[in-house]
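Visitor: Residues per chain, in single letters:
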Amino acid sequence: MNSFKKNLLKKRYNAERRFQWYGKIAIGLALSFLTVFMFQIFSKGYSAFQKTWIVTEVHYDKELLLIDAESPSKDDLENADYYDVAYKAMTSLDPGLPEEEDRQLIQMVSYKYEAEVKDLLLKNPDYLGKIVPIKLTASDDVDQVHKRNYPRDIPEENRRVNDYQLQIYDMLNERGDILSEFNISFFTSPDSREAELAGIASSFMGTVFSILVCLAFSFPVAVLAAIYLEEFAPKNKFTDFIEVNINNLAAVPSIVFGLLGLGVLLAVFNLPRSTPLVGGITLSLMTLPTIIIAARASLKAVPPSIREAALAMGASNMQTTMHHTVPLSMPGTLSGTIIGLAQALGETAPLILIGMVAFVNTIPGTPVDPAASLPVQIYIWSESAERGFVEKVSACIMVLLAFLILMNLAAQIVRHKFEKKWS
Amino acid sequence: MNLILVTFIILLAFTSYYFGRKKALVIQSSQRLTALPKFYGYYLAAWCAAPALIIFALWSVFEPSIVKTFILQDYTDQNLTKNELQLIYTKVKALAAGTYTGNITNFLDESANKYIQLKGIANSAKVAIILAILIFSLSFAYRSVQKNDRMREPVEIFLKWVLFVASLGAVLVTIGIVFSLLFEAIRFFQAVKIFDFIFGTHWYPAKTFVRDGQPDPELMKDAFGAVPLFAGTFFIAFIAMCVAIPIGLLSGIYLSEYAGRGVRKYAKPIIEILAGIPTVVYGFFAALTVGPFVKEIGNAMGLEVSAESALAAGAVMGVMIIPFISSLSDDVITAVPQNLRDGSYAMGATKSETVKKVIFPAALPGIVGSILLAVSRAVGETMIVVMASGLAANLTMNPLESTSTITAQIVVILIGDQQFGDPKTQSAFALGISLFIVTLFLNVIALSVVKKYREKYE
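Going down the list, the protein sequences come from chains A and B. The opening position of the first sequence corresponds to residue 1 in the working numbering, with each subsequent residue numbered one higher. The opening position of the second sequence corresponds to residue 424 in the working numbering, with each subsequent residue numbered one higher.
Please note that the accuracy of each hint is not assured.
Said to hold, decoys possible - Simulated restraints on C-beta separations:
| id | chain 1 | residue 1 | chain 2 | residue 2 | range |
| --- | --- | --- | --- | --- | --- |
| 1 | B | 719 | A | 156 | 22 to 32 Å |
| 2 | A | 308 | B | 493 | 21 to 31 Å |
| 3 | A | 100 | B | 719 | 41 to 51 Å |
What the hints assert, rightly or not - Some, not all, of what chain A presents toward chain B, calculated at C-beta under 7 Å:
| id | residue |
| --- | --- |
| 4 | 19 |
| 5 | 32 |
| 6 | 38 |
| 7 | 215 |
| 8 | 219 |
| 9 | 221 |
| 10 | 224 |
| 11 | 349 |
| 12 | 378 |
Simulated from the structure, these hints should not be mistaken for laboratory data. In this text, all values refer to a predicted model and were calculated from it rather than measured experimentally. Cβ coordinates follow ideal geometry from the N, Cα and C atoms, glycine included.
For reference, chain A alone in the conformation it holds in the complex:
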């Protein structure tokens, strides 16, 4: 072999290695995007699962509560005036503070602190007249300081927490009166304008209702349509048209379905706006083609010998289909349905168009109550400027991703556990 040929070979082998490296780098890049992404979400969001409390002492003074009765009933406690008691509980943290500066202390807890003072007494009526310690929800600014998300060494005017409040915070922290506990209220309370009180309960229920409505509408129609197209449809122009139609529908951008929901469901059928019912129907139109395609694929995977055997035993076409083909195709259909629902679960744009983006601070009890959904909640919170919402968004994303992972796992399990392998 002469040197020219050797060089050429070397060049070609180098090109080969380079090409392999391009492929490896491409996969590495894709994987690193995913890693960075997950890391970002987790590092920003994990702190939202912690809630910061400020511990202080409250004196349930009968006089200040304006309770006259000797042994007050539940109604008396309910109707008492808690303003002064709650106010004193907070200002007692720094008795030397002049009265006109008291807002600085009050601002360190959430605006619902009065209700929290009330709730404690309602739960423990025997605290009346006593001095007891109480946990108050810290304001989101104090919360962020405690989680070290706010830099402390910048000039006071650039900070949301001023020097005085930091001083009080440090004093409380040294005394051990700043508590950090698992944030149950993030899961149990509805949305709020205040980051420290906002939770995902309303949007979670909204999501659950939408998905159930979506399932109820899309699954039966899609399965029946798939059975017809796969088992009964004659081969003609019209069935071809239906097929092309379904394939194209699967690729229509989701926002167009939102326009459909707005233009038809809300404007023509006058269904209630902002509700999971409308959201679910809109999503069901979107998942319909996905489920039809999955169901057809799994019907097609049932070997013809099954059908032939049934027909040979004298079953009619309908009996063969309903007794043998459809039950055998169910695992594939179900896992396709779950995947379609998981896609619908993450949809945001169509729900925004039908008004599920409204601020809802009650937990919906039925599909016709106004609600948001988890992805829309992410959008709403990420549009808001407060720092406290950034961690809430990340935490909400974690919940949503967990939901999605669970659904995909379920789809996998259904597929692998129940599907018959034909070979």
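Could you slot chain B onto chain A? The hints should help.
Guide: Relative to chain A, chain B alone:
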């Protein structure tokens, strides 16, 4: 009321199923059955439920508009416009429901009474008609059960019809999309010339807003030029493709040609996770992490970068699209017949030479098809752009500035309360139909290319 009626029909259907089956067992004692007993039940149940429910559905669809015509008949001599009539009708309905808080005139009160009366008549008529239909169809069905007619065939034909109607569902959705978009879009194009919409270079719908009366036609002419939106849409899609095509294609090739079983088994599903992440999450990521990051890098290089740059949105969208291209091209490449590869190896070509000179050209139509599908996906993507790129429609080709897209503008226009009949709201539907046409066009081409490709190697 409606709920009770439907429940009643369904309960009756269930009872008639059991009744039919029982009857079959009675018949069995004297003559041979034509089908299994349960088919007698199905037969009765189908005859019970189907006609009544169909009539019920038709009635529910047409009743409101008929009542409306009756009510508005009294107002025909007042020369009112369509919108005013609609307003009056809404008032009458609110008054009838007892939720009206405005000024009650005698005329309105009369209409409300008439409305309540009409509704009452309609309701009782509905119940009466449906009961009559139930009795008629049930007695008809019962007669054939008694005669011991063939039972299985009619039931199966009925089922087949149910299946057929279900398969029309998808067509119905498409028709719904096209009509709802067209209906509003046509009204929009009555106010704004279609020429101004397609070729205008200035998109600023907010300035047509006037509190009362009609907006100035001169303003309208200059406010709804969609060119910046089309340009922005394709520009961001282009940036996304610049990220997604090289990474997606190379990883697709690597996975199908080079990767061992182990790598393939794990890498492929992990990459596909990227496609499963909701787009709103990508939007948050783009707005909070990538946008500021791009801005910082740009500023360090002495460039003027907007915090909401097209680059950030496009790049993140590209990451989202990687798995589409990688798994589609993986499938396409795997479908290339092995003998093409073997031929190339036999000539002494290396693996990469085979990929570049033999497999890639052979798979090109399929790859182009998958790229077109990905482009259609990028064009229709909404949340990333809404959250990460600007909402102001700049006509720019600078990736560091903010641009807006068709989808983002639809969201901007329709978020919050909409007023139907307002050209601004209608413009969203005009944008929607252009988006629908563009994506439909891309999809049809892509699907036909891929289909041709598949046929070639089958």
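Visitor: List, from low to high, the hint numbers that the structure doesn't satisfy.
Guide: 2, 5, 6, 7 and 8
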